[in-house]
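With the hints as a guide, bring the two chains together.
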Amino acid sequence: MPNDSRNDQLRIIFLQTEDLASEEKAPSRLKARVYSALIREQQTTGPLQDLSATQAAGHSLCVFEQLVQIAPVGEAVKTPFFCWACHARALAERIENAPIYWPHCPYAEFQNRRKT
Amino acid sequence: MEPLAQTSVQPAQSTSNDLKLVADILRKDRKATAEFVTRYADSIYSYVRRRVMPRSDVVDDLVQEIFLAAWQGLANYRGDATLRQWFLGIARHKVEDYYRKRLHEADWPDGDDDSGIESAAAPFYEEEFDRRFLGEKVRSVIATLPEAYAVALFWRYLEDRSVREIAQLAGKTEKAVERLLARARAAFARRWDRAER
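In order, the protein sequences belong to chains A and B.
Following my numbering, the numbering of the first sequence begins with 1 at its first residue and continues without gaps.
Following my numbering, the numbering of the second sequence begins with 1 at its first residue and continues without gaps.
Okay, chain B solo, but in the shape it has when bound (with noise of 0.2 Å):
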């Protein structure tokens, strides 16, 4: 499920290259922090961008703060799970840091009317069958919403956090992301519809 974790390396393999990795790059050793480098950035950059589309603009900034944060961190790392997956738990830590600040600062697009917001027919995206053009399209879509309705799916529907989750870390109601939700729902199915095919 997680790109992070499509590589096939045996984990029991993996986590003693870790460890030694991790012992090098806390020596300083400066080859090891460029390997470190290499090793993950392609997976960072990649799971970061896939969060914050369309926001291309603040990937790279983000993609850096992780890889300080592993640094001050790295002398707690145990091996008790591979250096991979205790990466994505830091660059998930910090996607949520984001999501959480842009809700804040974000205007929460305000609808009309809410009644009967996701009454009218909801597309049958299981329709589409090639999945590279469905991501494809899941982008180009995701594109056109206003960032709050973004954000609001992407931590719904990516990250799978439940209303009442983003509702602690946004510091908002959970009947506010309830709404929220809805109208990004609603938003995103109207032009999924309308979406060159």
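So here's chain A without its partners, still in its complex pose (with noise of 0.2 Å):
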């Protein structure tokens, strides 16, 4: 068995390792495609929130989400992830720091732009 100072050494310097892991972003495309994931697991189980309960709650919504969403049709029609049509979607889950500018598009939230 190794002494206690070893093994405390080794935990020091395994613990030093923290630092430099808290400095990491996760990769853009790997959170669209978690988010993607989650919504598909969501999807499984029943419909989406509709969008209209979803800005009432205080979420903006995409350009594209806010035509759907002052569409004078039924709140069912509201409720697909209407991202699965969308090209941000597409390239946000491929290309790291996709050229994706929407706003309030989450897809393009996750790309790791630094803020002017």
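Careful, some of the hints might be misleading.
Stated by the list, open to error - Computed cross-link-like contacts, DSBU-like style, restricted to lysine-lysine with a CA-CA straight-line distance of at most 35 Å:
hint	chain 1	residue 1	chain 2	residue 2
1	B	Lys-175	B	Lys-101
2	A	Lys-25	B	Lys-20
3	B	Lys-101	B	Lys-172
4	B	Lys-101	A	Lys-25
FYI, nobody ran anything at the bench for these hints, they're computed from the structure.
None of the values given here were measured: they were computed from a predicted structure.
Structure (structure tokens):
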């Protein structure tokens, strides 16, 4: 068995990797894929919350979602995950720091761009 | 000590925000789900990456698995701990599942002679004073070790699990884990000494 001081030394030096880890950001592609996977999983047990309720809860919608949200249609039509058909999702899942800039688009917000 | 606990947020404030976020996610609010990812992806990614290096190829899958497990368990979140701490618990379980699997599947390098395996002069790790340098050096040394050694060292020294706990979790005998750790420490020490300064 190693002595306690050697165990302590190893514990301390392994903890030094903490400092490096705290600087790391998850790749934007990974965030996009995780988000899509979560939504896919949520949809297996029923529809998502409709966009009107989402907006009422204080969340901003992207321009495409807004168009759906103001459309004179029933609330059930506002529950699908419209991002499945959106280029922003497709780009975000495949390209790191994808060139998507739509306001309030989650896939755009996952990008690790420096705030100016 | 834990990276996920580094943000200095008032615990009470954090918990009430957490409860609202959880309630919104459980209602399948897509924007709340996006906020969940934005809020925790960096922390979970760092946590996992640090514990499975150098196997960077498994990080993405593990992170996704942790988020999905969190979604499945979210209804049980009661706000007793911050969401961050709760999430960290899930991450820890998943990482330990990974360790367990790897120790089962990986080859345990076999030494010809274990006698005096750790009697060679151990490096004086504390002589290194630059923390960043130390962290980088640990990473580069770990990257050269057989996977079973890396997993054993992480489990013992980063997760702070005892030999008995590792043996129980991995389904091995304590003696086998002790031998593995002794070899892992010896290999680590040798490479540490040889590593570029």
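Here is how each hint holds up against the structure:
1. B:Lys-175 x B:Lys-101: holds (19 Å)
2. A:Lys-25 x B:Lys-20: holds (25 Å)
3. B:Lys-101 x B:Lys-172: holds (12 Å)
4. B:Lys-101 x A:Lys-25: Since the Cα atoms of B:Lys-101 and A:Lys-25 sit roughly 27 Å apart, the hinted pair holds (cutoff 35 Å).
The structure is consistent with each of the numbered hints, conforming to all of them.
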